[in-house]
Amino acid sequence: MSNRAGRDPHLVVVGASLAGLRAAESARRSGFGGAITLVGAEEHLPYDRPPLSKEFLTSDDPSPTVLREGAVLRDDLAIGLRLGTRATGLDASGRVVATDDGDIPFTSLVIATGATPRNLPGGDQLRGVHVLRTIDDARAIRAAIDAGARTVVVGAGFIGSEIAASARTRGCEVTVVEALPTPLARPVGETMGRVLASIHERHGTTLKVGIGVDGFEGEATVRAVRLADGTSIDAELVVVGIGVAPNTGWLTDSGLQIGDGVECDDKLCTGVYGIYAAGDVARWHNPTFNARMRLEHWTIAAEQGGLAGRNAADPAGATPFETVPYFWSDWYGNRIQFVGIAAGADEVVTVLGDVEGDSFITLYRQGERLIGALALEQRSQIMKYRAMLSTGASWEDAMAFAKDRAAKLAAKAAAADTG
Amino acid sequence: MRIHTDIDRCTGHGICESILPSVFEVGDDGLVHLLDGELTETMRAALESAVVECPSQALRLEG
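Keeping their order, the protein sequence lines are chains A and B. Residue numbers for the first sequence follow the working numbering, so the first one is 19 and each next one is one higher. Residue numbers for the second sequence follow the working numbering, so the first one is 199 and each next one is one higher.
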């Protein structure tokens, strides 16, 4: 096999979380015979992040979910691991990744460096103030919850909401502070954002919306969170969940096009031959919705990682990445699931259950088309809509389908009552 | 070729169902159920996707 750099084939994957792991694995499984190196800034083997804000904080056994054992990676898949190694630069034309532990030449590359949580000014200098991204962050938050900390979560997005729900479930006094008037308006829209926010209040979590955080009180350790209206909330634990920034700093001088993430085409290629991106760091064109997207979903990272790895292993045979976005969030034992997109919806209609209750499905319409579906505790229903979304189903068909499902469920319930 | 489901791990995301609705379905119990019907070689790539895209690592493909 020859290549432009005249080197032996070497696929380097920068970022050893879900997207990076999948990229390395799928490249090997697709038949790539060259060397593969997986480079990760954290010391840990690839582990699963979603549980960190959920089961890791609530269960009796707070152990991380390792996605793949080192022996499987090294021995079965012949993937070299460079953990605890941080990429610091990229020479795209010379095809070298610079790291804090020396240069790594490559012939093809997958960028999967993820994103870093934003913090508030001063937040990183006070004990008791945390963001949540890594297992080390989660351990610190868990320790505070174990101690029964009065908890303030800044930001009522999904991560913040999950942490709030976990702390509340463990019996902590919890307040969530959100700067926007409606939580979750971006991912699920205003109407359903309000509906989801009400779940917090039903479980005894205090929610303050439309108010910013002014700063923290406390010397070395946080004592309280000061709000924009001059009031303050006492807290031993503060978790800041106000979004993330894609990790592109190391690519500043690479010549790659960087905007809100690494700009990619529909095949996840950066525009430089053999260099792809995947996961939270990648912004790409999604043909299913004819829109450019950068999504921070588990499923996207898994799917994109797999495809970017295969494409990087065989750029000439690269294929596009199309998907119906899916994300979930678990609060107080309830599962929220969303498929599709919410932005640009003209109307939302609840087709099953009750938005004031513990279970419902709501559909999102744009023009004549179904564009999204939100479910609370409707695990058996939601994926039917993902399948419809992938084929560009009309609103009329989606509503007819929903009506049919509702009738069948009602008949089943009636039969169970009389039987 | 055989697909194995680990019900202790499954939490009913249904990604598998969205990939292969002829094989997987999330039931009213919120867990994955295997539908009757033979697995064919033409399904292998989709089955492999279902396995690696399961957020709960609840699926395993044998054979």
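Please keep in mind that the hints were generated in silico from the structure rather than gathered at the bench. Keep in mind that this is a model prediction, so the values were computed, not measured. Note that the Cβ used here is the ideal one computed from N, Cα and C, for glycine as well. Some hints here could point you the wrong way.
[What the hints assert, rightly or not] Just so you have them, the derived chain A footprint on chain B, three or more residues with Cβ under 8 Å:
1. 208-214
2. 219-225
3. 230-243
[As the list claims (entries may be wrong)] Quick list of simulated restraints, FRET-style, between CB atoms:
4. A/237 with B/260: 21 to 27 Å
5. A/142 with B/244: 40 to 46 Å
6. B/255 with A/361: 46 to 52 Å
Evaluation of the provided hints:
1. 208-214: holds (count 5)
2. 219-225: holds (count 4)
3. 230-243: violated (count 0)
4. A/237 with B/260: 21 to 27 Å: 59 Å, violated
5. A/142 with B/244: 40 to 46 Å: 45 Å, holds
6. B/255 with A/361: 46 to 52 Å: Roughly 31 Å apart at Cβ, these two residues miss the hinted range, so it is violated.
In this structure, the hints that do not hold are numbers 3, 4, 6, in rising order.
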